[in-house]
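The sequence shown begins at 1 in my numbering and counts up by one.
A few of these clues could be false.
Label pairs and their calculated CB-CB ranges [to be verified]:
#, residue 1, residue 2, range
1, 50, 243, 31 to 41 Å
2, 120, 18, 14 to 24 Å
3, 398, 39, 21 to 31 Å
4, 255, 224, 36 to 46 Å
5, 343, 47, 37 to 47 Å
6, 158, 22, 17 to 27 Å
7, 184, 243, 15 to 25 Å
8, 278, 164, 36 to 46 Å
9, 216, 255, 26 to 36 Å
10, 131, 190, 24 to 34 Å
11, 22, 279, 48 to 58 Å
12, 50, 75, 17 to 27 Å
13, 158, 256, 18 to 28 Å
Hints in this document: simulated from the structure, not taken from any laboratory. We treat Cβ as the ideally placed atom computed from N, Cα and C, and that holds for glycine.
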Amino acid sequence: MAFSWFISVDDHLIEPSRLWRERLPERWRDIGPRIVRDGDAEFWAYEDRQIATIGLNAVAGKKREEFSPEPITYDEMRPGCYDPAARVADMDQGHVLSSMLFPSFPRYCGQVFHEAKDKELALLCVQAWNDFILEEFADAYPGRFIPMMIIPLWDPVAAAAEIERTAGRGAKSIAFSENPTKLGLPSIHTGHWDPVWRACDETGLVVSMHVGSSSNLIRTSEDMPTLAFMAYSAAANQAGTLLDWLFSGNFARYPQLKIALSEGSIGWIPYFLERAEQVVDKQKFWASRFDISMNATHERGEEKGAAGFDLDTDIRQLFADHVFGTFIEDNAGLALLDTIGVDNVMLECDYPHSDSTWPDTIQMANKWLGHLPEDVQHKLTVGNAARVYDFTPADPATIATS
Numbered sequence: 001m002a003f004s005w006f007i008s009v010d011d012h013l014i015e016p017s018r019l020w021r022e023r024l025p026e027r028w029r030d031i032g033p034r035i036v037r038d039g040d041a042e043f044w045a046y047e048d049r050q051i052a053t054i055g056l057n058a059v060a061g062k063k064r065e066e067f068s069p070e071p072i073t074y075d076e077m078r079p080g081c082y083d084p085a086a087r088v089a090d091m092d093q094g095h096v097l098s099s100m101l102f103p104s105f106p107r108y109c110g111q112v113f114h115e116a117k118d119k120e121l122a123l124l125c126v127q128a129w130n131d132f133i134l135e136e137f138a139d140a141y142p143g144r145f146i147p148m149m150i151i152p153l154w155d156p157v158a159a160a161a162e163i164e165r166t167a168g169r170g171a172k173s174i175a176f177s178e179n180p181t182k183l184g185l186p187s188i189h190t191g192h193w194d195p196v197w198r199a200c201d202e203t204g205l206v207v208s209m210h211v212g213s214s215s216n217l218i219r220t221s222e223d224m225p226t227l228a229f230m231a232y233s234a235a236a237n238q239a240g241t242l243l244d245w246l247f248s249g250n251f252a253r254y255p256q257l258k259i260a261l262s263e264g265s266i267g268w269i270p271y272f273l274e275r276a277e278q279v280v281d282k283q284k285f286w287a288s289r290f291d292i293s294m295n296a297t298h299e300r301g302e303e304k305g306a307a308g309f310d311l312d313t314d315i316r317q318l319f320a321d322h323v324f325g326t327f328i329e330d331n332a333g334l335a336l337l338d339t340i341g342v343d344n345v346m347l348e349c350d351y352p353h354s355d356s357t358w359p360d361t362i363q364m365a366n367k368w369l370g371h372l373p374e375d376v377q378h379k380l381t382v383g384n385a386a387r388v389y390d391f392t393p394a395d396p397a398t399i400a401t402s
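Using the sequences and the hints, build the whole thing.
If you want it as structure tokens, here you go:
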């Protein structure tokens, strides 16, 4: 095999039941997130909500025939889903050199805490999650985890302070929403998020946006078949995110800002870059004067004023400098790698979710990537992630594998 280790830039943590019980200030522990047993059932209790862990989010070690969306208990999970030491052992088994973890109970960018009524407690919960990742994963196992943080989405100034606090302790990324308007928050085209972008620009933290982090996966209809929906929604959601960001002007205002499209795959990217260029070329003269709302009935839309994006911008260079795609399995994308850019693609294995390639990622990825030059293979498996997240992975020679 041309390579025997890789960095996974998208994995998931099922939070251990002890996390907030141990890490919240004592007076908050009985009302913070906690696991409750009800007969054979098990769920998180938080404020007036009961939130179960979905079985598809913890299938590591199971056969595909055993996958199910029904709620699951800790006793039914592989310990690597929630226990730091067991996770490292599973990483060793799957030759995962380093991993970046998205949350589960808080959802992909901390939406549960954004939805909470008590924002004082919610902020403490955010900070407890971040400290847990920094201390029990990144600090305890140097070079094995790229520390990604969640932020208080409801307060950009407090979010910036949390970015600065955790960056000083080694954080490398924040989880953000692919479309905050679906969470009832302002869009990225407003100045609302400037404190967050400025903090990331100054600290180098990457804005990582996981599919589903808007709590709204696109469907063609309410009765769209489940398998059709799963095949469609990831690329559809992330294509909108990519175009939103490319035309937002944020990269011009914050030239060091970087974003990662997590679990969005990459095969769709060349078409949307090309389409973006075509739109600018054909429509920029009127778009430089005003922006309009258009609808299928051709009724007159509201004039919004001139577009704020510099229409002379090189779309592909903007993408190359600021945007990074991730993939689990995507042979179509790899066939278009020269168009996407070998410096803008990173591998993931999505442990312990149902799309995961763990523990066979290395064997599978060598089949997909084996025809590529070794330096390109290294970029996709280790080099790009280390560079983008400014992270030094562990030395494989120091890791004992079975």
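Status of each hint after checking the structure:
no., hint, verdict
1, 50 x 243: 31 to 41 Å, "holds (37 Å)"
2, 120 x 18: 14 to 24 Å, "holds (22 Å)"
3, 398 x 39: 21 to 31 Å, "violated (46 Å)"
4, 255 x 224: 36 to 46 Å, "holds (40 Å)"
5, 343 x 47: 37 to 47 Å, "holds (44 Å)"
6, 158 x 22: 17 to 27 Å, "holds (23 Å)"
7, 184 x 243: 15 to 25 Å, "holds (22 Å)"
8, 278 x 164: 36 to 46 Å, "holds (40 Å)"
9, 216 x 255: 26 to 36 Å, "holds (30 Å)"
10, 131 x 190: 24 to 34 Å, "holds (31 Å)"
11, 22 x 279: 48 to 58 Å, "holds (52 Å)"
12, 50 x 75: 17 to 27 Å, "holds (19 Å)"
13, 158 x 256: 18 to 28 Å, "holds (22 Å)"
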